[in-house]
Amino acid sequence: MDQISINAVGRKELTTYTEYPPKGYRVRISTYWWLGRWAYLKFILRELSSVLVAWFVIETLLQVNALIAGPGAYQDFQGFLRNPVVIALNIISFFFILFHAITWFNLAPKAMAIRLGGKRVPAILIALPNYAAWLLASVIVGWLVLRG
Amino acid sequence: MTKRSNEPLLWLLFSVGGVVAALLIPVHLFLFGIAFPLGWLNAPSYDALLALARGPAGRVYLLVFCILPLFHWAHRFRYTLYDGLQIKHLNELVNTFCYGGAIVGAIVATYLVVRIP
Amino acid sequence: MAEQIALEVTRFSPERDKVPSIQAFDVPLRKEWVVLDALNYVKDRVDGSLSFRWSCRMGVCGSCGMMVNGEPKLTCATFLTDYAPGPVRVEPLKNFPVMRDLIVEITDFLGKLSKVKPWIIRAKKKPLSEGEYLQTPDELDTYRQFSMCINCLLCYAACPVYGLDPLFAGPAALALAQRYNMDSRDEGKSERLDILSQHDGIWGCTFVGECTEVCPKHVDPAGAIQQYKLTATQEWIRSLLMPWGGKS
Numbered sequence: 000m001d002q003i004s005i006n007a008v009g010r011k012e013l014t015t016y017t018e019y020p021p022k023g024y025r026v027r028i029s030t031y032w033w034l035g036r037w038a039y040l041k042f043i044l045r046e047l048s049s050v051l052v053a054w055f056v057i058e059t060l061l062q063v064n065a066l067i068a069g070p071g072a073y074q075d076f077q078g079f080l081r082n083p084v085v086i087a088l089n090i091i092s093f094f095f096i097l098f099h100a101i102t103w104f105n106l107a108p109k110a111m112a113i114r115l116g117g118k119r120v121p122a123i124l125i126a127l128p129n130y131a132a133w134l135l136a137s138v139i140v141g142w143l144v145l146r147g
Numbered sequence: 000m001t002k003r004s005n006e007p008l009l010w011l012l013f014s015v016g017g018v019v020a021a022l023l024i025p026v027h028l029f030l031f032g033i034a035f036p037l038g039w040l041n042a043p044s045y046d047a048l049l050a051l052a053r054g055p056a057g058r059v060y061l062l063v064f065c066i067l068p069l070f071h072w073a074h075r076f077r078y079t080l081y082d083g084l085q086i087k088h089l090n091e092l093v094n095t096f097c098y099g100g101a102i103v104g105a106i107v108a109t110y111l112v113v114r115i116p
Numbered sequence: 000m001a002e003q004i005a006l007e008v009t010r011f012s013p014e015r016d017k018v019p020s021i022q023a024f025d026v027p028l029r030k031e032w033v034v035l036d037a038l039n040y041v042k043d044r045v046d047g048s049l050s051f052r053w054s055c056r057m058g059v060c061g062s063c064g065m066m067v068n069g070e071p072k073l074t075c076a077t078f079l080t081d082y083a084p085g086p087v088r089v090e091p092l093k094n095f096p097v098m099r100d101l102i103v104e105i106t107d108f109l110g111k112l113s114k115v116k117p118w119i120i121r122a123k124k125k126p127l128s129e130g131e132y133l134q135t136p137d138e139l140d141t142y143r144q145f146s147m148c149i150n151c152l153l154c155y156a157a158c159p160v161y162g163l164d165p166l167f168a169g170p171a172a173l174a175l176a177q178r179y180n181m182d183s184r185d186e187g188k189s190e191r192l193d194i195l196s197q198h199d200g201i202w203g204c205t206f207v208g209e210c211t212e213v214c215p216k217h218v219d220p221a222g223a224i225q226q227y228k229l230t231a232t233q234e235w236i237r238s239l240l241m242p243w244g245g246k247s
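Protein chains in written order, with numbering that gives the first Met the number 0: chain A, 0 to 147; chain B, 0 to 116; chain C, 0 to 247.
Quick caveat, the hints were computed from the structure, so don't treat them as lab data. Treat the hints with caution; some may be incorrect.
Below, computed lysine to aspartate or glutamate pairings styled on DMTMM-like, alpha-carbon distance capped at 25 Å [claimed, not checked]:
{"#": "1", "chain 1": "B", "residue 1": "K87", "chain 2": "C", "residue 2": "D193"}
{"#": "2", "chain 1": "A", "residue 1": "K22", "chain 2": "C", "residue 2": "D137"}
{"#": "3", "chain 1": "C", "residue 1": "K116", "chain 2": "C", "residue 2": "D16"}
{"#": "4", "chain 1": "A", "residue 1": "K41", "chain 2": "C", "residue 2": "D164"}
{"#": "5", "chain 1": "A", "residue 1": "K41", "chain 2": "C", "residue 2": "D193"}
{"#": "6", "chain 1": "B", "residue 1": "K87", "chain 2": "C", "residue 2": "E186"}
{"#": "7", "chain 1": "C", "residue 1": "K125", "chain 2": "C", "residue 2": "E138"}
{"#": "8", "chain 1": "C", "residue 1": "K42", "chain 2": "C", "residue 2": "E70"}
{"#": "9", "chain 1": "C", "residue 1": "K188", "chain 2": "C", "residue 2": "D140"}
{"#": "10", "chain 1": "A", "residue 1": "K118", "chain 2": "C", "residue 2": "E70"}
{"#": "11", "chain 1": "A", "residue 1": "K118", "chain 2": "C", "residue 2": "D199"}
{"#": "12", "chain 1": "A", "residue 1": "K109", "chain 2": "C", "residue 2": "D185"}
{"#": "13", "chain 1": "A", "residue 1": "K118", "chain 2": "C", "residue 2": "E186"}
{"#": "14", "chain 1": "A", "residue 1": "K109", "chain 2": "C", "residue 2": "D199"}
{"#": "15", "chain 1": "C", "residue 1": "K124", "chain 2": "C", "residue 2": "E104"}
{"#": "16", "chain 1": "C", "residue 1": "K125", "chain 2": "C", "residue 2": "D46"}
{"#": "17", "chain 1": "A", "residue 1": "K109", "chain 2": "C", "residue 2": "D16"}
{"#": "18", "chain 1": "A", "residue 1": "K109", "chain 2": "C", "residue 2": "E234"}
Construct the entire structure; sequences and hints are all you get.
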């Protein structure tokens, strides 16, 4: 690259021809960028809910494993579930997964542009059936499990 | 035809898994993880739960309930690791961990569900 | 003397500075003044070397996008009084290289924009003598929202994925691709899908959703991208079920 010296205001300055497109100053993004804005933090918490989804799947598989092993092992597993640490983790998981469910159903209408009679179906009419299905599924599962 | 990525498959699994997780995990988690251990509700007996799980519908339900949310986790966690920690250069390691973990989980789930007496 | 408000402005000279710095100016706080008026006041009365882009000062040209107190804003539509008693910090749009003061380099976006072919593609053009391509109001309505984009790049400044991965096509370009995909006169969907179903296209988006929040024209790029993901997945299933069939 060529360097030229210019005299500006009596001072000697070294400068360079800028390339095209010129590079400019780039700000490096902090590793903690998601702390800088409430919406970003919400996003990261939403994404991290998936970790607790995976945890509950593992817990369910452990329960199935105990079910296979027989009544004694199943009782032991109930003891594990009554451990305060496990209960605390499950309560935290519950709120994270509620957050997942609510954000999921609320964002679903954005991905689905359904048009009826030449008009886009309002977001609420796509979100509502989701919530209805959620309620229905919860009632059915609750009834099946609690009736025994 | 140009090379198509396998992203549509991964996204499909992520989405379906997200729906399953949103619809079903809250009630399961509330009952088995909170209400029964704390004694708020009477837990079903061993025999009643086994009867629910052993039927064909129960087995299919358990497979869907476990496998799809695992792929949901894999996809979301992969992107969270990329963006949250800026480790896109560890691409292959992250992919292996996330999707590999989901595949292992799916195999374990299938093995267990088949073995329900 | 009239009421004043402190305006903190990013200064950066590529010839002189290694890193940008902040310079504070006192400007009159007037009810009808927007941030752009304050910047023009500084340029006209205080320091003529202050550099920034602007043109229409009415939210149409998309030139005056900057960060105002950390939020991407059109400075022509952001009133000073909303920030009283101040200070108001004005910085160049995030996620772009800074060229001078408040001016950012947007060549990257322009390249991406043309890559998604944001124009009507026809398999066979009909001659002018056969008249225009007609469209019903309903057909117009399907993509109208996505056509409102003024390329102000506030969505790029709000998008963490673009900030972290400069290869990502970004909200506005993807929304504009979808605007033409949904246009009844267009026949270029599969051409665009090949470009946009790459990893750096729609699949890079993690649906943070902030692009939609900051858009001054209510374009909803986040929605456009998710809809596009759904379409791309449907196309993928179709190609799986009917590998012999042509692309629709």
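Now for the hints, and whether the structure bears them out:
With a C-alpha separation of about 23 Å, the suggested pairing of K87/B with D193/C holds against the 25 Å cut-off. A threshold of 25 Å between alpha carbons decides the hint, and for K22/A with D137/C the separation of about 45 Å lies outside it, so the pair is violated. Only pairs whose Cα atoms come within 25 Å are accepted, and K116/C paired with D16/C is rejected, the gap being roughly 38 Å. With a C-alpha separation of about 20 Å, the suggested pairing of K41/A with D164/C holds against the 25 Å cut-off.
Using a Cα cut-off of 25 Å, the hinted pair K41/A and D193/C is violated, with the two alpha carbons roughly 33 Å apart. Taking the CA atoms of K87/B and E186/C, the gap is about 36 Å. The hint is violated against a cut of 25 Å. For the given pair, K125/C sits about 20 Å from E138/C by alpha-carbon distance, which is consistent with the 25 Å threshold. Distance check on the hinted pair: K42/C and E70/C sit about 23 Å apart at the alpha-carbon level, within 25 Å; holds.
Pair hint K188/C plus D140/C holds up; C-alpha atoms about 18 Å apart against a cutoff of 25 Å. Using a Cα cut-off of 25 Å, the hinted pair K118/A and E70/C is violated, with the two alpha carbons roughly 33 Å apart. Using a Cα cut-off of 25 Å, the hinted pair K118/A and D199/C is violated, with the two alpha carbons roughly 32 Å apart. Between K109/A and D185/C the alpha-carbon distance is near 23 Å, which keeps this suggested pair within the 25 Å criterion.
Using a Cα cut-off of 25 Å, the hinted pair K118/A and E186/C holds, with the two alpha carbons roughly 23 Å apart. Proposed proximity of K109/A and D199/C is supported: the alpha carbons are some 21 Å apart, at most 25 Å. Pair hint K124/C plus E104/C does not hold up; C-alpha atoms about 36 Å apart against a cutoff of 25 Å. Proposed proximity of K125/C and D46/C is contradicted: the alpha carbons are some 55 Å apart, above 25 Å.
Under the criterion of a C-alpha separation no larger than 25 Å, the hint pairing K109/A with D16/C is inconsistent with the structure, at around 44 Å. Only pairs whose Cα atoms come within 25 Å are accepted, and K109/A paired with E234/C is accepted, the gap being roughly 19 Å.
Violated hints for the displayed structure, listed by number in ascending order: 2, 3, 5, 6, 10, 11, 15, 16, 17.
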